[in-house]
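Using the hints, position chain V against chain X.
Below are the chains, spelled out letter by letter.
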Amino acid sequence: MVTKAEAETMLNEGDRIAQTVTERRPKEHVPYVGVGLLTALVIPGFDLFDRTTWGWVTIAIAGYAACMTYFGSRRWIAVRERSPQWTWPAISVWMMLMGVSATLLDGHTALAYTIAGIAAAIPPLAWGLRLRRTS
Amino acid sequence: MSTPATSHPRTRLNELIHQPIRFSMMAALSKADELEFRFLRDTLAVSDSVLSRHASALEEAGYITIRKGHVGKWPRTWHSLTDNGRTALDDHVAALRELVA
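For the record, the sequence lines run as chains X and V.
Reading the first sequence from the start, the letters are residues 1 to 135 in my numbering.
Reading the second sequence from the start, the letters are residues 1001 to 1101 in my numbering.
These are calculated hints, taken from the structure and not from any lab test.
There may be inaccurate statements among the hints.
DSS-like, lysine-lysine: derived pairs with alpha carbons at most 27 Å apart [claimed, not checked]:
{"no.": "1", "chain 1": "V", "residue 1": "LYS1031", "chain 2": "X", "residue 2": "LYS27"}
{"no.": "2", "chain 1": "X", "residue 1": "LYS4", "chain 2": "V", "residue 2": "LYS1068"}
{"no.": "3", "chain 1": "X", "residue 1": "LYS27", "chain 2": "V", "residue 2": "LYS1068"}
If you anchor each label on the Cβ, the simulated ranges turn out as follows [said to hold, decoys possible]:
{"no.": "4", "chain 1": "V", "residue 1": "HIS1070", "chain 2": "X", "residue 2": "ALA110", "range": "48 to 56 Å"}
{"no.": "5", "chain 1": "V", "residue 1": "HIS1070", "chain 2": "X", "residue 2": "ALA90", "range": "24 to 32 Å"}
{"no.": "6", "chain 1": "V", "residue 1": "ASP1083", "chain 2": "X", "residue 2": "MET96", "range": "34 to 42 Å"}
{"no.": "7", "chain 1": "X", "residue 1": "PHE49", "chain 2": "V", "residue 2": "THR1082", "range": "46 to 54 Å"}
{"no.": "8", "chain 1": "X", "residue 1": "LEU48", "chain 2": "V", "residue 2": "ASP1090", "range": "54 to 62 Å"}
Cβ coordinates follow ideal geometry from the N, Cα and C atoms, glycine included.
One chain only, chain X, in its complex shape:
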């Protein structure tokens, strides 16, 4: 026989536990927004300083290292949240396309890397902001 008081206690305990998990859940939007901001802020600089592909390689390595550090964090390991599996591959392909476009446009316009950098940053930023809004 379950009394009203027992049912109430159980519900309260369930809510408390659920709240604890919610508070400790990783902020999944962070790596997306981080990669988006890094791309938007650094790539346009190639129009001014460095027009070689080494800049893209540097960004890719820095972004990958930042994401792996985040994904390896205790918070992420303890409480996992997953976006659809296609998001990171899709964003990577888009960024590579933008990199190629910037290389092709370079010489034709002074803003090749600015345009490509901003365009490359839009998907991760948009997805990150969407996650932030819905989580």
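Just chain V, lined up with the frame of chain X:
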């Protein structure tokens, strides 16, 4: 006409989930895709063996899945709620809320 006895919320409580540790475990799992064993153990304040026993019972019922993997060279175990488990938990919580109302 009187309401049939079977419609009373008490009869809709799930006995397996009603055990306090299992209920807390499922409430925790309902808020994340996967929870790591140690996180669950510390959050529920239970011992390793108690958590394992209840996790096995829920897994046998098809309410959770247990996945083993590694982080670096360290073995880790993650738990997640199945669709059946989520439905069962929702039904159980609904029955509890009716009892409280």
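For each hint, the structure was consulted:
{"no.": "1", "hint": "V/LYS1031 x X/LYS27", "verdict": "holds (13 Å)"}
{"no.": "2", "hint": "X/LYS4 x V/LYS1068", "verdict": "violated (39 Å)"}
{"no.": "3", "hint": "X/LYS27 x V/LYS1068", "verdict": "holds (24 Å)"}
{"no.": "4", "hint": "V/HIS1070 x X/ALA110: 48 to 56 Å", "verdict": "holds (49 Å)"}
{"no.": "5", "hint": "V/HIS1070 x X/ALA90: 24 to 32 Å", "verdict": "holds (27 Å)"}
{"no.": "6", "hint": "V/ASP1083 x X/MET96: 34 to 42 Å", "verdict": "holds (36 Å)"}
{"no.": "7", "hint": "X/PHE49 x V/THR1082: 46 to 54 Å", "verdict": "holds (53 Å)"}
{"no.": "8", "hint": "X/LEU48 x V/ASP1090: 54 to 62 Å", "verdict": "holds (56 Å)"}
The structure is inconsistent with hint 2 alone, although it conforms to all the rest.
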